[in-house]
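Fit chain to chain and form the complex, with the hints in mind.
Which chain is which? The protein sequence lines are E and W, in order.
Just so you know, the first sequence maps onto residues 1 to 91 in my numbering.
Just so you know, the second sequence maps onto residues 1 to 146 in my numbering.
The set of hints was computed from the structure by calculation and includes no laboratory data.
Since the structure is predicted, the reported quantities are computational estimates derived from the model, not experimental observations.
Mixed in with the good hints there might be a few duds.
To be verified - Here are the simulated DSBU-like pairs of lysine-lysine, each with C-alpha atoms no more than 35 Å apart in a straight line: (1) W:LYS109 with W:LYS145; (2) W:LYS82 with E:LYS62; (3) E:LYS49 with W:LYS109; (4) W:LYS49 with W:LYS82; (5) W:LYS145 with E:LYS62; (6) W:LYS49 with W:LYS145; (7) W:LYS75 with W:LYS145; (8) E:LYS62 with W:LYS109; (9) E:LYS62 with E:LYS49; (10) W:LYS49 with E:LYS62; (11) W:LYS49 with W:LYS75; (12) W:LYS82 with W:LYS109; (13) W:LYS75 with W:LYS109; (14) W:LYS82 with W:LYS145; (15) W:LYS49 with W:LYS109.
What the hints assert, rightly or not - Which residues of chain W face chain E? A few of them, derived with a C-beta cut under 7 Å, are: (16) ARG50; (17) GLN58; (18) PHE100; (19) PRO108; (20) ASP117.
To be verified - To spell it out: a stretch of chain W is covered by chain E in this simulated footprint if at least three of its residues, at any positions, have a beta carbon under 8 Å from a beta carbon of chain E; those stretches are: (21) 13-23; (22) 109-115.
The C-beta atom is built at its ideal place from N, Cα and C for all residues, glycine as well.
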Amino acid sequence: MGPAVDSLRQTMEEAIGNGDTRMVINLAEVSMIDSSGIGLLVRFLASTKQRGGSIKLTQPSKFAVQTLRLVGVLNLFEIFDNDDAAVESFA
Amino acid sequence: MTTEFSGGPDNSALSELLDRNMPANSEAIATVVDAISETLERLEVPEQKRFEIALAVQEALANAVVHGCGNDPSKQVRCRVKSDPRGRIVIIVTDPGPGFSPAALSDPKRGENLYADHGRGVYLIRQLMDEVQFERNGNEIRMWKY
Chain E
1 MGPAVDSLRQ
11 TMEEAIGNGD
21 TRMVINLAEV
31 SMIDSSGIGL
41 LVRFLASTKQ
51 RGGSIKLTQP
61 SKFAVQTLRL
71 VGVLNLFEIF
81 DNDDAAVESF
91 A
Chain W
1 MTTEFSGGPD
11 NSALSELLDR
21 NMPANSEAIA
31 TVVDAISETL
41 ERLEVPEQKR
51 FEIALAVQEA
61 LANAVVHGCG
71 NDPSKQVRCR
81 VKSDPRGRIV
91 IIVTDPGPGF
101 SPAALSDPKR
111 GENLYADHGR
121 GVYLIRQLMD
131 EVQFERNGNE
141 IRMWKY
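Next up, chain W with everything else stripped away, as it sits in the complex (with noise of 0.2 Å):
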């Protein structure tokens, strides 16, 4: 499980090694995991920890696609990928909505919601990242990988 504060560890003396702007389109999504799951087998991360990244990261994007950009593709998705001196990974994606508050999400496990179309995106980023923060009113998440 995650835990979710402002801050997050080593913010400072953060490295960049992804940044890339996409159209809100869906299918501009792969292009980004693909990029991103290179860096990180470059960097020689363990394929468990590249497809949990890859999986959140996805997940990210999509719901920065639907819900922060209303499938506009005029509108962009910015993602950017960074690590701190201990090799600990974050992954920051932004978009230019208005945001949401993620305490409003319901649990996906509960009930009637097992068998719900959606809703599964948020519950599942927090489940395979170590720590997930959200900023700028819900319009940034900030995803850590240790």
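Chain E on its own, in the form it takes in the complex (with noise of 0.2 Å):
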């Protein structure tokens, strides 16, 4: 919640409305995602999807994945642990 999802938000919807569909996010320095920031996730995840991209998390600390599995949402996303695998795996 606050400035980091709005932020988030803002360069997600940029990333869209530029045609940018695949998207890499490395949540390295996300020590703790909370219901706002899952909820902008999973819809830009569906709306990626919809338009035939995604979206590929990397680097995310142990707790986030925690939280992510859950609410149940863990396994709709796919992880890497860094950015070149995530960004070559849309290859």
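Right, here's the structure in full:
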């Protein structure tokens, strides 16, 4: 919630507006992800998938993974250890 | 999973650890969450438990600000942290709103709800905490961590 989620929302809206539908989001600096952040991720995941793309997550913290699992959305995302592997997976 | 019932464990003999009032502004949430995390760290609460409590408090405060106060910063949200003699912690978040019925909330893991951009806060709180009680028609939440 708050500025971090607002900033991510704006970035993703701009990316989709520019026609970008294949996204990699690095979560290494995100110690905690709340329900508003999760809502944003799944909403844009659905939006990119509808356009033939996807969102892939990299380097989530253990607690972020646990949180995504708790609300049942972990399996919706592909998760990678590093950005390069995530980008290559789109090829 | 949590259970819900009135009363709760050891409501008597609770020691107050923190009592904060904050304006109903989403930017004020982080200050209160940080203060609680620091209090728990001083009490040597393990990191995993601190994270779980911090996220549950964040969700409860967000609900209070958005739903209880309609994002009106002239309204106040109260957050109290207490512990019982066994070291169990309870966080109480109170807002001045009309309340709500927790039973009316839908399951965020069911069907199309999985892709919804809202509706996970209370579910997440219930998963993160050991016991959750709603009082005062739902505008006060008591969240226990054992």
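A quick look at each hint next to the structure:
The suggested pairing of LYS109 (chain W) with LYS145 (chain W) holds, with an alpha-carbon distance near 24 Å, which does not exceed 35 Å. Restraint check for LYS82 (chain W) and LYS62 (chain E): the C-alpha separation of about 28 Å stays at or below 35 Å, so the hint holds. Only pairs whose Cα atoms come within 35 Å are accepted, and LYS49 (chain E) paired with LYS109 (chain W) is accepted, the gap being roughly 19 Å. Proximity of LYS49 (chain W) to LYS82 (chain W) is assessed by CA-CA distance (about 15 Å); at most 35 Å being required, the pair is judged to hold.
Taking the CA atoms of LYS145 (chain W) and LYS62 (chain E), the gap is near 20 Å; set against the 35 Å cutoff, the hint holds. The suggested pairing of LYS49 (chain W) with LYS145 (chain W) holds, with an alpha-carbon distance near 8 Å, which does not exceed 35 Å. The straight-line distance between the Cα atoms of LYS75 (chain W) and LYS145 (chain W) is roughly 28 Å, inside the 35 Å bound, and the hint therefore holds. Of the supplied pair hints, the one linking LYS62 (chain E) and LYS109 (chain W) holds, its CA atoms being roughly 21 Å apart against a limit of 35 Å.
This hinted pair checks out: LYS62 (chain E) and LYS49 (chain E) have alpha carbons roughly 26 Å apart, not beyond 35 Å. Taking the CA atoms of LYS49 (chain W) and LYS62 (chain E), the gap is about 13 Å. The hint holds against a cut of 35 Å. Taking the CA atoms of LYS49 (chain W) and LYS75 (chain W), the gap is near 30 Å; set against the 35 Å cutoff, the hint holds. Taken as a hint, the LYS82 (chain W) and LYS109 (chain W) pair is honoured in the structure, with Cα atoms around 32 Å apart against an allowance of 35 Å.
Our distance criterion of 35 Å between C-alpha atoms is met by LYS75 (chain W) and LYS109 (chain W), whose separation comes to about 32 Å. Between LYS82 (chain W) and LYS145 (chain W), the direct Cα distance comes to roughly 11 Å. Compliance with the 35 Å bound is thereby established for this hinted pair. Annotation: proposed proximity of LYS49 (chain W) to LYS109 (chain W) holds, straight-line Cα distance about 24 Å (limit 35 Å). The interface hint given for ARG50 (chain W) is broken, as the beta carbon of that residue sits about 10 Å from the closest beta carbon of chain E, more than 7 Å.
Given hint, GLN58 (chain W) at the interface with chain E, holds; its Cβ is 5 Å from that chain's nearest Cβ, closer than 7 Å. Below 7 Å, beta-carbon pairs count as interface contacts, and PHE100 (chain W) has none with chain E, the closest being about 16 Å; its hint is therefore violated. Interface hint status for PRO108 (chain W): upheld, as the beta-carbon distance to the closest one in chain E is roughly 6 Å, under 7 Å. Because the smallest distance between the Cβ of ASP117 (chain W) and any Cβ of chain E comes to about 4 Å, under 7 Å, the interface hint for this residue holds.
Residues of the stretch 13-23 of chain W with a Cβ under 8 Å from some Cβ of chain E number 0, which does not satisfy the need for three, so the listed coverage is violated. Remark: the stretch 109-115 of chain W is confirmed as covered by chain E, as 3 of its residues place a Cβ nearer than 8 Å to a Cβ of that chain, reaching the required three.
Comparing the model with each numbered hint stated earlier shows that hints 16, 18 and 21 do not hold.
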